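Those protein sequence lines, which keep their order, are chains G and S. Under this note's numbering, the first sequence is numbered contiguously, ending at residue 290. Under this note's numbering, the second sequence is numbered contiguously, ending at residue 1098.
Source of the hints: derived by calculation from the structure; they are not laboratory data. As the structure is a computational prediction, the values presented were derived from the model and not from experiment.
Just a few of them, taken from the derived set where beta-carbon distance is under 8 Å, the chain G residues facing chain S: (1) ARG174; (2) ARG179; (3) SER180; (4) ILE181.
One-sided excerpt, in silico: chain G residues whose CB lies under 10 Å from chain S: (5) ALA127; (6) ALA128; (7) LEU130; (8) LEU166; (9) THR167; (10) ALA169; (11) ALA170; (12) THR171; (13) VAL173; (14) ALA175; (15) LEU182; (16) LEU183; (17) GLU184.
Each residue gets a CB set at the ideal place from its N, CA and C atoms; glycine is no exception.
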Amino acid sequence: MKAGLWPGQGIPARTVLEGLPAGHSLIRGAREILGYDLRRRVEIAGRRKGALLPTALAQPAIFIAGLISWDERPAGNDCAFLAGHSVGEYTALVAGGALTLEDALRIVKVRADAMEAASKSAGTGMAAVLGLGLERVSDIADRAGVSVANDNAPGQVVIAGGEAALTEAATLVRAARGRSILLETAGAFHTEVMASAEAPLRAALADAHIQPPAIPVVWNLTARPYADVEAIRDLLGRQLTARVRFRESLEWMWAEGVREFEDFGPGQVAAGMAARTFKQLESSEVAVNA
Amino acid sequence: MLDSAIAAHETVFAVPETTTMLERVVVAPCAGRFAPLSPEDFSSEGEWVEPGQALAEIVKGGKREPVRSPFRGWVMGMLALPGQPVHQGEALFWVSGR
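Next up, chain G with everything else stripped away, as it sits in the complex:
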């Protein structure tokens, strides 16, 4: 059994550009909704090696690149479940048939603009914590006054909050023999800092036609699939300020029998998270059976 995966925002501009082939019909269609040439903007932003895209551009670009890759999958490449990390959840919803591409892109545009605006109002950021488990990181986050924003994979948790609090957390992480890497994001995504972005997002969601997904989508917020349309609307609204439970989503799919995954990109970040999670599940399964 196989799962289709999509990443969130932290993808280098050049990797995103590789997923946006020149002249593709989806990019031409996106121009009508976005009002600009997506590929051209990503190309300009990606001139500096290793550059990340600004939030307002990154989210629509990653969304479209992920859908182009999905549309070009070979026939017979079927997925039993779909899951996307943060903005990738919208790509998963279009792939699963719950949202039309046009509606989803309109929502993603509103979401991206609102998140960028929310980021500008506060000196906040995010940091990846490597080498410590969720429980330990949660304890450090509580002590430092930051939030656990993403639980990505075993030993890979992202914290978010004010700059001074992140610095305090990094000191505690180092003392616990873990590592902290400051992420190049505009603000503390998936925390209360994003609360002001929720109202415009909910308004955009209210206007969209949503139907139960034909392929189950495993939600960031609950790590379970839901088919109820009103629940979907609510989950997408709450997702902005809530933890992304990607590791738990992967674990749930494993328990359902998923042993293969495909990252539809751009990049292979989601595949990296899945490989790490599945490897640990595999080794614990071997240990139990031994």
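Start from chain G and add chain S according to the hints.
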């Protein structure tokens, strides 16, 4: 007259402008070739470092001298390329103490 002149002078200079620099530079401890650590040990951009933590090595004549950060902060950038010849005191990393 003199008192009022001094008072005016003090008013002008009583609160001097101050600048606080949170940015620091880690320099090469000796001359040689710059060798970053593997990503498993240290990420060149964005990682939090504590004083004394090794960030890279300088290789010269078969010997490897660690480059240690004297500062606490986030490593915002690596300023030398792998294999680049560097001289003693050359800037290698930018650390932000914010």
